[in-house]
Amino acid sequence: MMSLMKPDIQMDESFYKVEEIRHLTGETFSLKLPKARFAFKAGQHISMGIVGGNQSREYSIYSGENDENLEVLIKEVENGYFTPRLRRLKVGSMVEVHGPFGKFGMEPELAAKGKFVFIASGTGIAPFRSIVHTYPEIDYRIIHGVRYSKEAYDRQEYAGDRYTLCTSRDKDGDYYGRLTGYLKTCKFAPETHFDLCGNSNMIFDALEILKEKGFDRDQIHCEVYF
Amino acid sequence: MITNDKKSVAFKTLGCRLNQYETDALVTDFSNAGYELVDYNASPDVVIINTCTVTNQSDTKSRSVISQTARKAKNAVVVVTGCMANNFKEKLESQENITFVVENSRKSSILSLIDAHFSGEIAHPDQLPQDVFRYEPVRKSLHTRSAVKIQDGCDNFCTFCIIPMVRGMAASRPVADVLESVRKTVENGFKELVITGVNIGRYEDGTVRFEELLAKILEVPGDFRVRISSLEPDGFGDDFVKLFDHPKLMPHLHLCLQSGSDKTLLRMRRMYDVAQFRKTVNKFRTVYPDFNFTTDIIVGFPGETDEEFQQTVDAIKEFNFSHIHTFKYSVRKGTRAERLENHLPEKVKTERSLKVRDLSVENMRRYLESFIGKTQEVLVEKIGQGTASGYGQHYIPVHFKLIGAQKNMIVKVKLTGLVGDDEDMFLSGEIVNNS
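Taken in sequence, the protein lines are chains A and B.
Under my numbering, the first residue of the first sequence carries the number 22, and numbering increases by one thereafter.
Under my numbering, the first residue of the second sequence carries the number 940, and numbering increases by one thereafter.
Simulated from the structure, these hints should not be mistaken for lab results.
Glycine included, each C-beta is placed from N, C-alpha and C at the ideal position.
Keep in mind that a hint or two might mislead.
Among chain B residues calculated to face chain A with C-beta under 10 Å, some are [stated by the list, open to error]:
no.	residue
1	D1173
2	M1207
3	M1210
4	G1273
5	E1362
Simulated crosslink set (DSBU-like; lysine-lysine; CA at most 30 Å straight-line) [as the list claims (entries may be wrong)]:
no.	chain 1	residue 1	chain 2	residue 2
6	B	K1272	A	K205
7	A	K124	B	K1123
8	B	K1181	A	K124
9	A	K232	B	K1218
Covered stretches of chain B (chain A as the covering partner; in silico rule of three or more C-beta atoms under 8 Å from a C-beta of chain A) [to be verified]:
no.	segment
10	996 to 1008
11	1199 to 1205
Starting from the given sequences, assemble the full structure and let the hints guide the process.
The structure is reproduced here in structure tokens:
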């Protein structure tokens, strides 16, 4: 007969110590954790909680598949419950990470031969940075919609002609207005793959524009942020 | 209480087909171990309650069943398992009327726990092995048809859904295990198998995906037919449609639409839009015009406008679902939808729910009427006084005069009329030829 005594508590494989915090704007920061202990596909997300806390949230992975650190991009939500707690973390704090999850991710074969347009609002740029880090040779364009130009997170990492910043509250971006306004003015090759990441309203509007431009829904992949 | 050494066990199951399958597998385990299966009113030694937590209503039902059962079976060992056991583990563990709380991942080893308990060991469920596929093929069952579990968990993270938290991440059962389970279940006498899991369209074992697995299942020798339980509309390719040419595969899918509004679907974080859903339905109906689609619809999702709800109504009419499981949206703690704005008043949800139910009944009537004069092969599930009932290939309910039919027999029935006018309506008919 098997012994059924309660087991001892063990240190969990899913615990990660915060190694670095990068402050990108007044509200947005990235948490750099040790290298992921799991294999993931660029574009996928994880769920993250604070050790000792009782809640978790999902975040797209901001780092590349082979990067030395697992990194996530976080914007503090004013009067929110979780992100202000994340913001109070220090180097050495522990977080709990589970994953990877999701079908939103880049297939290596497609990355090698496809033509991509990545459309992101705000921190929705995270999965695309992961993809670009993982596949530096990929044929891509990023259309990034934010309110202010300071929210062009890590813009210097993308080649200038591949990144278009759309700003709705200041005129310091490449296009003044919502990214959907810019999208309407764009022309794309028929074989383009579109990957969209951001809030549901942006995705809905962008989908409509792309469908009006004649692209098939199967060419468009979406990851909704909340 | 049984006075000799033979112990008795009773089961209560709430929720989905997967839970029903897991209960059936436990029934087989306990039966093989010599336990007598009894009703929970008959003072059993052990009561196992397999709970559900998918909606607030499920929680309420599960709590009510736990307290009622514990009250009636006062001296029994009360085991609470299932999704509520995961979602409210600590709370349930603190209840004095529950002996053990067993998480889903350890559910398949409940017999070991009970054996240990009766042997006087200090038993704790957390020491049970974790394996969501450890279940024996069903032999003794509470149902006529048996499920075969091929998959567990889901990592779609739909914003309304608690399942990833209580069932864990998607995991697929190895192909060889699935096929062995199919063979044994057929050997055990079952004539109809239901392929089940949490998100079976996401099945993946090496290079074998859901439709390849299904093709292999259909090639297992034996006299049986196959149904697919609930399926997400994003999990299969074109070859899937062709599989329904196989005589063993029944022409019915429960394809979960949830909403007819693309905006709502995005807020739900569903992986398809209405146009893609339409494409799938049309592909099937072009090849099989009387193919039966049923679905799940959530009404009153946060931010659902009148216009968005109307789009759902239009979709229900367009796709002719013969039955709709309607859910009024209810907050699940810890989900993203909990944090969405514009939660709707209960009154609005109720009105929309009633509207969908009315449409469901209308669609069902129309669909069933289209079968009058035709013949269906019905698996006999219930025998009453002079009548028998069961479901035809298209998963339509059929009642007929009992002439030589027995439970678990497939009989050909000519459908002659429609009886009833609500969700319990059925087709009546006459046996034409025993097969």
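The hints, checked one at a time:
Interface hint at D1173(B): satisfied, since its Cβ lies 8 Å from the closest Cβ of chain A, which is below the 10 Å cut-off. With its C-beta approaching chain A no nearer than about 9 Å, M1207(B) sits inside the 10 Å limit, and its interface hint holds. Using the Cβ-Cβ criterion of 10 Å, the hint placing M1210(B) at the interface with chain A is satisfied: the shortest such distance is roughly 7 Å. At a threshold of 10 Å, the smallest CB-CB gap from G1273(B) to chain A is about 7 Å, leaving the interface hint in force.
Given the 10 Å rule on beta carbons, the hint for E1362(B) is violated: about 33 Å separates it from the nearest Cβ of chain A. Simply put, K1272(B) and K205(A) have alpha-carbon atoms about 39 Å apart, too far for the 30 Å limit, and the pair is violated. A hinted pair counts as satisfied when its Cα atoms are at most 30 Å apart, and K124(A) with K1123(B) does not qualify at roughly 34 Å. Distance hint between K1181(B) and K124(A) is fulfilled; the C-alpha atoms sit about 25 Å from each other, no more than 30 Å.
A distance of roughly 15 Å separates the Cα atoms of K232(A) and K1218(B); the hinted pair therefore holds under the 30 Å criterion. Residue count for the segment 996 to 1008 of chain B with a Cβ under 8 Å from a Cβ of chain A: 0. That is fewer than the three needed, and the coverage hint is violated. For the segment 1199 to 1205 of chain B, the proposed coverage by chain A is satisfied: 3 residues have a C-beta within less than 8 Å of a C-beta in that chain, meeting the threshold of three.
Consistency with the previously given hints fails for numbers 5, 6, 7 and 10, ordered from lowest to highest.
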